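**Q** Numbering-wise (the numbering used here), the sequence shown opens with residue 7 and increments by one.
These are computed hints drawn from the structure, not numbers from a lab.
Quick caveat: nothing in here was measured; it's all calculated off a predicted structure.
For glycine and all other residues, C-beta sits at the position ideal for the given N, C-alpha and C.
Per label pair, the in silico range of CB-to-CB distance: (1) P37 - E196: 21 to 27 Å; (2) F236 - G267: 39 to 45 Å; (3) E196 - P67: 21 to 27 Å; (4) A91 - A62: 44 to 50 Å; (5) K122 - A58: 44 to 50 Å; (6) D182 - F236: 22 to 28 Å; (7) E146 - R77: 22 to 28 Å.
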Amino acid sequence: MKLLRYGPAGHEQPGLIDGHGTLRSLAGQIPDLDAAHLAPASLARLAAIDPASLPAVAGSPRLGVPVAGTRKFLAIGLNYADHAAESNLPIPTEPVVFTKAVSCLQGPNDAVMLPKDSRKSDWEVELGVVIGTTARYVEERDALDYVAGYVVVNDLSEREYQIERGGTWDKGKGCDTFGPVGPWLVTRDEVGDVQNLGMWLEVNGERKQTGNTRTMIFAVATLVSYVSRFMTLESGDIITTGTPPGVGMGQKPAPVYLAPGDRIRLGIEKLGEQSQTVHAWRRR
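Based on the sequences and whatever the hints tell you, model everything.
**A** Written out as structure tokens, the structure reads:
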């Protein structure tokens, strides 16, 4: 299934995309696509509904974050060897784990706002993993059983804040609007082999990133198992799993960063596409 949330920010409703690409409302079936409706039994109940019996949604409404009420937005750094190389950093021997503030979560096509005085804001197409069942010290062989589905994530990053300002990476990762997620959550059964998905990103129509999840250093099952050793993963939590090469920081002969007016497009095979316009900082 392709599950989503649509409507004005803060007032989204649950929906799904049927086999013909039509948006159908799930508002009569569940109150929202939140933690309570991501467990296997709940997803099975939704899968049993005939999409044709659901009301079609007219027009092209705004899409929100596909999951409501996410409590943890976790990220894995340097999970593609060639991205580590372009970052001039060694290949990690264990996953690099950091956090993105949940306040940076936004819809897949909402505008990106550069932080005040930003000089080095960057793009990163990533596979996101949405947890469906509470995971604590899970074995790698069982780890995917705890996954509800997958999403596209743009792990936007302010490199000066991340690298040059001391301390952890987190301060460059959780800026407002730096977490577009969606367009929808694709359930695990529909994705199939998550370790063989093409991914790409363009800025102003120019291809910057081309990759595939098969080149991850640490596979999705490894990451879910690993992170569950250090914190309890709850239904609705999102883990974004690293980016292939081609980020702005790694452009040759010199880095290239985002500027107001830039357009970002990105996507992952089977998971859909996002598109964002970049704006200068403004007080909300």
